[in-house]
Structures are given as structure tokens and as C-alpha cells.
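Here's the letter readout for the chains.
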Amino acid sequence: MGEMLREKYVRQPTPFCPGCGHGIFMNAFLHAADEIGLDFKSTVFVSGIGCGAWVPSPHFRADTLHVTHGRAIAFATGVKLTRPELNVVVISGDGDIATIGGNHLIHAARRNVPIKVFCLNNLVYGMTGGQVSATTPEGDITSTTPQGNPERAFDLVALARGAGAPYVARFPVVRPRKLTKGIVNALRFDQFAFMDVLSLCPTQYGRANRAKRGYEGPSLIWGMLEWQKGICVDREKASPEETAGKTLIGEWYAEG
Amino acid sequence: MSKDRTFTIQLHEDLCKGSDCYICVNACPKGVFAEGERITSKGLRPSQVKDPEECIGCDICEFLCPELGITVEEAGGTEQVSTSTPKRGATAPASGGWTTVQSSLDPGTHYMIGDEACAEGAIAAGCGFYGGYPITPASEIMVHMAKRLVETDGVFIQMEDEIGSIAAVIGASWAGIKSMTATAGPGFSLMMENIGYACMTETPCVVVDVQRAGPSTGQASRPASGDVMQAKWGTHGGVEIIALAPWSVQEMYDLTIKAFNLAERFRVPVILLADAITGHLRESFQVEETIELFDRIKVPGAPPFGSDDESGVPPMPSFGEGEELLITGSTHNRYGIRKTADPDVHERLVKRLSKKITAHMEEITDYELYFEDGAQRVVVAYGSTARSALWAVKVARERGERVGMLRLKSLWPFPGELIREWGRRCEEFIVPETNLGQISQVVQQHTPNPVSLVSQTNGEIMDPRRVRDFLMGRKRH
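Residue numbers (this note's numbering), protein chains in the order written: chain A, 490 to 745; chain B, 4 to 480.
The shape of chain B in the complex, shown without the other chains:
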């Protein structure tokens, strides 16, 4: 720093925020800088280099400039200004899509509880990350994953709460791996904000909600289906969501695989709406030799958050691939750049997030029909309640009632067209639910026919006799 050396000072006036800062003016021990005389078009008065010959090269101005707007170099120095900027994207080939893989479990019959079958479905689907927090009646999924992920070289972590669990799951998904968490009502409530973040950032992941009787702590080990509307509307902002509802241990396995496939296919969080019955029930299920899996599409260098197609699903890169990803829950354009005051970008994004789901109903919608021939009354049921309902429908049929049943395996997006179609053939719908009426209201939105709710909110599995009596009682009127 001796005075026989001379320095050049480069001050980037466009970056200088002027008189409210002037840190350089005040920090320089030699008075090299001065308050500005020129007012810019932004109305700022940038500082100026007044006496460069006084500079001793202490660099304090360069270090303290909040805008990185000052460069001090020794005259005749050798410091190189690097102008190379990293390029977007690597030159790796595109990848992803459908593949057929060997089942992770031996083909044939297995016997376990639904929560464990769900975990096995996740392993079969290639899940490599589980982040969770203990909660009845979902804990067995986590316990089973803790064991299985050791065997498959995956990552398991018990987080400090459900907010952290879903956060870690989303982080892991962007790190390039299929990831999941499982919880029940209270934890599901805590996860809502980050589920919305996953929707907005188009992050594939699976969230299992093993529903229990609420509200609040309610009856922790008792079944209910009170979270159906929460799954759809729980996160703020109003966006389409995919939710599946298994009714057996077989479907705890099958629909978990399907949930991963839909998550990867549409880049969305997919919710598996199980309940304390399907979670804790122990029964046998079949495992095929091979399963079909969908892996997220990767197209290096392609915009990760936009599509020319208004219902398109953009390809998804991962961290560490040189894409300089800008991932944000704020409104963003196709490159992830925040556009928090642009009405067009916001509208286009919000619509596409929904349309990429609703435009592909045929790929998502899943249901099963029972006794549909000549059915004048159709029972619409889902989850464990459908087990009770099917018994009741069978009994009613045996006694001459022209009753059929539609079992919804996918609840969201709601298959309204299916209800409209059946509404033209039948006279009325009956919806048994272990809540105060959630899907029954949605069914009514899609048909002019009468829709009757058979509600039971006592923390028990739907009493099959309650449904039977309703079906038979109607006859006597």
C-alpha cells in the first residue's frame, strides 16, 4: 500500500444507489470518492471518483460496496476480468418416460398390513427418499421405509416435524430422486403450505394421508374420511390436485405405485388418501413379476417451468446439472424468473398448473363398477367405506333392489363426467361417507338427480348395516 504504487478505480455508476448509501465516500481513508454531481434518469446521484491518485489500494471501498460496483486494480497489474459465463444446461441426452421393471418383492402372494404394503409400493416405484414424522395411524409406513431404504441404498430421515418432512421431500425431489412422506390429519394440516409450494414449483412427490377421525387430535387410531376436501382445497391459492383412495391392502400397494407414476408424469404432489382401516388392515395381496413405471422427463437446456401447450408438463432437470435452476414459490416465467406483478404470467401459470391435470383426466381417473346392470340407484363410495357399501349393495340386490355401485379409486380431479353419464341412466345416487358429507356434495354438483348422503362420524368403519338399511328403507317408502 505504499504511495509509490498507483491504482485505477472503476466505479459502476449504473449500479450506484447514490446519496442514501455513499459508503465508499465515507469509508475511503484518503477521500478518493466524492458525492456525485450528476443525477441519473432514476433520480439517483451516484458517487464519483474524485482523486484517484490518492488511492493506496486498501480495497475497503470495493469490499463495502453493497452493489459490487467498485473495482480497484493496481495500474499495470495482471488481474484478469473473467468474462466467461457458465452455459445453461449440459449436453446430456433427453431421458425419462415409461419403463418396465422387475418388482422389488417376489412375485406372488404377500401378507401384510396396508401401511407396509404402501411402503412396499413406494420401494417398487423407485422411491429413494423418505422424510417423515411419527403419527398414528401412518407410523408403520415410516418404520417400514426406515428398514427398506437401508436395503435399497436410499435415504431416510425422521424430521423434526411434518413441515420439515415435506420440505425435505421436495428438496430431495429436486436433487433428482423419487421421494415421499406419510402422515395423518394433524400432520397433513401442517404440510399444507409446502404442498402448495410443490404444486407451484411442479415438484413430483407422494404424500400419504392415513386419515383418522378428526377434527384436531380427534380419535388417533380410528378411521374417517374427513380430509377429502382438505386434500383438494387445503393449500391456499386454489389449484388442482391429484388424490387417490385405496380400499384394500392390494390397493395400498398398487395405488402407491400409481401415485408415483402420476407425480412423475405430471410433476405434481400426489396424495394417497388412505384411512386407519386400509392402513392397519392385514390381508393378502398379489405382486406381479413386472411393473410399469414413469420417470420424469429430462430435456437438458429446456425451460423447466413453461410449455407452449397450455396444458403441458415441462421437462424437469435436477440440481447439479449446470442448469442454474431458479426454483421459487413466487409467480415465475418459464425459466423460473420471478414475475410477481405481471398479470399475464400469473394467469398463464395458474391455468396451466390446473389444466395439465384436468386435460389428462383419462390418464388419472380410476374407478370400478359393481352390479351396474339395470341399476336404478347407484351407490358412490371410496376408501374403506366402499367395503361396507359393497356388502350392503350385494344384500340389497339379493333382495331384489336394483342397486349398483361405483367405487372411486381417484377422487381428485373429480370424475364429474362419470357421474353425469350415470345420472342419465339411473334415478338417484347414494353416497356413504365417514364424514358429514364431502364427496356427496361434489356428486350433486354433477347431476340433477337426487343425491343422498349416508353419513357416519363415530370413528368406526362405516357400518354395512347402516348402508343396507338405507337402501332397503327407501323401498318401503
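Chain A on its own, in the form it takes in the complex:
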């Protein structure tokens, strides 16, 4: 399947660091796209600036629009309103979508523009050297918070739901089958869909927080994947006691 997906949908190998969570998302996305027969000829991928934005551009064999930092959703809005018959999919990072571009995110959710937004949330600005993002957990180390992040992190699921998004989901890359199933549901959804994809950045975030987070295992990325598995609980299965202090994963459909 990996070979087939790559040949069918991907132009060239990625430049991502070894073990990059974005690669795992890309893998899951292509599994999902192939499963539902997403027609790449009638799909436009829009992305901004950062590592996450490189998942579709220049890799996907489809129309790709690689835009200015933070503005992918606004560009995508113009495309979708003009050509409603095209699938318009935004794939970009947490810095791009939720920090510099947060305003466009909440307004696209409010308007219910029928685009799909996948926010590859690796908790950090990877490409520019590991600076703090709006999703970096409080207390964590980044190159611009050497003594620990003094600010609170955005809960992107709560943000998107609060802005009125009718489909919101959160899945971690460590659970690739759940992630794939979620992507299938998001792509099939006929309204605005937002997914907080919990990705991982071993290079910028992992190294800086290795000691603090106690990533253990035979390799840094494996330690991070194990950590991610440990902090996530399925919102539908877990009891209230089990969810305390954990990150809820799953899907949230708006009522009505």
C-alpha cells in the first residue's frame, strides 16, 4: 500500500526530518484519500508557511496553492466560493493556522465554508528554529521560552467548536488507524471540517523537552510517540476520572 500510495499521489520524497510526525499524517491522509477515492484532479490543496505546509506542496499530484504565512484558509475560501465543485483542503501547521492565521480559522468555522482544514499541530515552530507557538503547552521549553512557556496553550478543538465548526476532530499520529478513519470522515463531511492533528517534532520540540517530558525508549521519536499515546484518551470510551489531565481525542459533531 505504501508503495502504491506514493507512486499514485506523491511527486517526490519529502525533506522532513527523520521520524517527523507530519510524514505519518501524510501517510494516513493518503490512505484515507485512496479509501474514499478522492479525485486529486478536482482537489485543490492550500497551505501556508512552515513544515506542515510542505505536506501537500510540492508533494501531492494535485493542484496546490502554497501561500503566505497564516493565510491558507482565506485563500481557500476564495477558491471554494468560486468553484464549489472542487474539493478544497487546507493542510498546514499550528503556527500557520492557529497562531498567525487564527482569525481566518475562526471566521471560516463561523461561516461554515465547506472546506477541510487539517492543522498539523506539533506544538512548535519547526522550520524557523523551534520557537513557541500558540499550542505549546505551558511550561515547555522552546528557543524563545528557555525558562518554560509562561503562556497557556490554545485548545484547538474548543476554539473551533466555539467558533461554530460543525465537524471538529482531534487525532494523534501515534494512532494512525483512528487518524485515517477521522480523515475519511472529515473528507466525506459536506460542511466545514476541522481536525487538530497531534503531530510530533523530534528535532525542535523533542530535543528541547526530552528531559522535561521524560521521553523514554530506544529513540527520541519512539519516546515521543509513547508519550503521545499516554496523554491521549478516547473521549467516547473514557470515564471522567480517566480524562483528567489528558488530551481528549475523537470527533465532535455539532448538534442539529
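These are computed hints drawn from the structure, not numbers from a lab.
Check before you lean on any hint, since a few could be wrong.
[To be verified] One-sided and incomplete, this derived list gives chain B residues near chain A with beta-carbon spacing under 7 Å:
1. L18
2. Y25
3. E57
4. C61
5. L152
6. V158
7. A175
8. W236
9. G240
[To be verified] Subject to a maximum C-alpha distance of 25 Å in a straight line, what follows is the list of computed PhoX-like cross-link-like pairs (lysine-lysine):
10. A/K701 to A/K670
11. B/K33 to A/K718
12. A/K667 to A/K701
13. B/K342 to B/K45
14. B/K33 to B/K45
15. B/K354 to B/K301
16. A/K667 to A/K735
17. A/K497 to B/K354
18. A/K667 to A/K718
19. B/K33 to A/K667
20. A/K670 to A/K718
21. B/K45 to A/K530
Every residue gets a Cβ at the ideal spot worked out from N, C-alpha and C, and that includes glycine.
Once you've looked at the hints, dock chain B against the given chain A.
Coordinates of chain B only, in the frame set by chain A:
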């Protein structure tokens, strides 16, 4: 997943990024993978398939490989590897170029404010998308477009800010439709980054800046021409831009049509530098029966971002045509492939983006001459200021002054040759401006003759008496 089934595992060693990843080695519940023994030419040590017979077909390695480098198949399975890759481009015929169409308004005299005439010009030019944000004194363009685009089956959206507005306009243009936005100084400032993106990605669109008195919030409903240099140099990187300057409601209509034609012809954002006078003035204007329109050239399968001609304009495909478009604001080659460290590609691209404009000055440059016979002094004016200047020149002529006037309808690219030519015939230039001197400096760059600025920055239309007194005062010296 029972053990009586056997699986084959294909590991793409060239893609494997080695020991810093090894997710497959750690993820496999059966220890099928092992750390590599071979070091590649890239200095990586790819993982290896050690015990394939242990595989239970759980697929977790395939799902977790960030490089899509692992394929697990059941031995004797029927899974087909698709080798078909989509072809570039459809086989549709080439299209685009000049056409003559019926005017959208009834031919004859119409009476409206400049902002509305601008919107009507856009509709006449075939604009099908407007994205904007409210701002004085440009809001009437948006309000009029909101109404008109319903009637013409176009798309209208009021975005969350001016950054989003120009972004949506560029997205709509690539979706295959003529698109525009309108704003004033503060919003124009916010749009600068994406205007540069439109230049770099060669995206046709029209941006109307109904200039008001700045800096900052300034005087929101008062006219000025303080954004002339911003239109040219506001976006980073330094690239040629096309900007037109209407002086009447008639030209709010005519030059908007021209702006769309130039945008489509040269694949550039075109800026219409109106001001609070031309935007809010109400006067009559004429609509012809037909208008000439240029539609972007389409040549299916042709490279969308390059040309063998160093001043060439490449054809422009749209989304959904099977072209697998790679559109990026990063430096790119003719196919849109990023070349962010190639000096030759960068230089060639940046030069062509400018040359495709400067090599076609005759198609872009637009001006009008008044009282040019025997003019020893030439007033160079543009926008609403030219209305005041023309009155002053007329009065000065009546009193025997040998004064003429050159009215610039296109400001960028600056028609320097025109100034050089007039500089050989006249003795000096006078440039009245409602700023501290912007075009006056550019005029001086193109002539050794003295250039005098008549500046007024009080948020009022240029006082015609100020220009007249300057012209007459010179005589007394």
C-alpha cells in the same frame, strides 16, 4: 492476522531516513525489522527486514512510516500496484485574448458616484468575485458590488480583514474568474504582503485604493495622494507594478475596465489609485455600446510560470483542469517547482516579472495633454489634483503665461520617456500633489530641468488658487 498466513514486506531503503527514525523497528510487535547494517551514500543507516516470516500483517509499520516507504502484502494476494500517473494538462484548445462585448450598463449617460462607477466598470469587465472589508472612502464600491454580483451570478464575500480579502481574491483568480477588492490606506497597508504574492505568482487581480489623508487613520473621509509610492514599493522585494490614477467618475469606470484588461494581459495585480474625491464625487459619465476586454491566455499543458522570452507573459491555467498546478510565493521554475537556493532561477524570474511590464510601456502608459502648444512650463498632475491644476493652467494661459499640462492616467510604470521628451521642449516642470512630494521626485529623476513641487497636505482637494498663485507668482520673480 493468523499465523498460517504469510506476508511479504517491501522496504524502500532509498526513502528510509535511518537511525533517528526507526519507528518500524520499534513499532513492530513481532520484531520483523532490525536496525540497519549498511550505510548509504547519504550517511544514513536504513532499517532492514530481518524476520519477514514473523509478520502477522498488522500493517502498523506501513501506517507509521513517515516516508511511505513500507508496503505489506499478503503473499499471493491480489493487491495491485497502480503505476498510472495523471497526465499534465487536458487537451482543451488554447483560449483568451481580446474580445468585444456588449456593455453591461445601457449605452448613454449615467449619473453616479465614482465608487459606484468603479464597481460598474468591474462588472463590465467581467469581474465575478469581490472580497472586501469595509473602509471609508471605499465602502461604496463593496456595497455596490454586493448588489451587482447577485444580479450577475458572481461571488461576493465580506472577509474578516483586508489580508483575508486580497487572499480570497487571489484564490478566486486561480479558480478561473476575474476578481477584485477595494480599500483605502490602512487596508492597503494590510494587503501589501499578498499583493507581493500576486506579483510573484503572476495572479491577475484588481486592487482599488481610494486614497484618504494619512498617515495611519488620518482623516478617513478626506482626500490625499499619499499612497503613490506605497503602491509601487509597498510590498517587499522590489518588483514592478501597474497603477492607474483616475480623475473623474468617467475614469473610475473606464480605468477600472483598463485595470482588469492589464491584469489579465500581463498576469499582474493592477492598482487603481483613486482618492476620496474621485470616489465620492457624483457626476455623469458615458457608457459606450461595446467594450474591449482581454481575457487571460490559456494554453493547456504549457508551463504556467515561465517563458523563453525574458519579458514574456506565460499562459495561465486554472484549478481543476488537471494541470497539477504548483503555485508558490517561493522562487520557482517555469513549472512552479520551488528553487529556493538557485541564483539563476531567482534572477531570471525577478527580472522577467519586471520586464514583462517595462517592455510593454506603450500598452500601459496613458496620459492626456492640455495647452501643450508653446508651453514653456509644464504642470504634471494626476488624480483629483489634476482637476484643480487644469483650472489653474487655464487661468494662467488666459493671463498670457505659456503654461501647459500633462495629466498622467498611468503612474506606474512611470512614463519617464514622456518626461524626458517634454524636458527637451520646456524649461521647467511644476508638480502639484496632495502629499509631501512623491511623483515630483520621480519627475526630477527623468529631467535635468527644474521641478517644483506644489504640496498641500491638509486633507482638502488641491486648492486651485494655490496652483494658480504658484504659476502667476513665478512670473513676478
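Here is what the structure says about each hint:
Taking 7 Å as the C-beta cut-off, the interface hint given for B/L18 holds, the closest approach to chain A being about 6 Å. For the restraint placing B/Y25 at the interface with chain A, the shortest Cβ-Cβ distance is roughly 6 Å, inside the 7 Å limit, so the hint holds. Against a cut-off of 7 Å between C-beta atoms, the interface hint on B/E57 is violated, since the closest Cβ of chain A lies about 18 Å away. Interface restraint check for B/C61: the shortest CB-CB distance to chain A comes to about 10 Å, outside 7 Å, so the restraint is violated.
Using the Cβ-Cβ criterion of 7 Å, the hint placing B/L152 at the interface with chain A is not satisfied: the shortest such distance is roughly 11 Å. A hinted interface residue such as B/V158 counts as satisfied when its beta carbon comes closer than 7 Å to some beta carbon of chain A; here the least separation is about 5 Å, so the hint holds. Interface hint at B/A175: satisfied, since its Cβ lies 4 Å from the closest Cβ of chain A, which is below the 7 Å cut-off. Residue-level restraint check for B/W236 is violated (minimum Cβ-Cβ distance to chain A is 18 Å; threshold 7 Å).
About 13 Å separates the beta-carbon of B/G240 from the nearest beta-carbon of chain A, more than 7 Å, and the hint is not met. A hinted pair counts as satisfied when its Cα atoms are at most 25 Å apart, and A/K701 with A/K670 does not qualify at roughly 32 Å. Note on B/K33 and A/K718: the hinted pairing holds, with a Cα-Cα distance of about 20 Å set against a maximum of 25 Å. The straight-line distance between the Cα atoms of A/K667 and A/K701 is roughly 28 Å, outside the 25 Å bound, and the hint therefore fails.
Restraint check for B/K342 and B/K45: satisfied, since their Cα atoms lie roughly 21 Å apart, inside the 25 Å limit. Distance hint between B/K33 and B/K45 is unfulfilled; the C-alpha atoms sit about 29 Å from each other, more than 25 Å. Restraint check for B/K354 and B/K301: satisfied, since their Cα atoms lie roughly 23 Å apart, inside the 25 Å limit. Distance hint between A/K667 and A/K735 is fulfilled; the C-alpha atoms sit about 17 Å from each other, no more than 25 Å.
For a cut-off of 25 Å, the pair hint linking A/K497 to B/K354 is broken: about 36 Å separates their Cα positions. Simply put, A/K667 and A/K718 have alpha-carbon atoms about 12 Å apart, close enough for the 25 Å limit, and the pair holds. About 22 Å separates the Cα atoms of B/K33 and A/K667, which keeps this hinted pair within 25 Å; it holds. Of the pairs offered as hints, the one joining A/K670 and A/K718 holds, with about 17 Å between alpha carbons and a cut-off of 25 Å not exceeded.
Annotation: proposed proximity of B/K45 to A/K530 is violated, straight-line Cα distance about 35 Å (limit 25 Å).
Figure legend: structure checked against the earlier numbered hints; hints not met, in rising order: 3, 4, 5, 8, 9, 10, 12, 14, 17 and 21.
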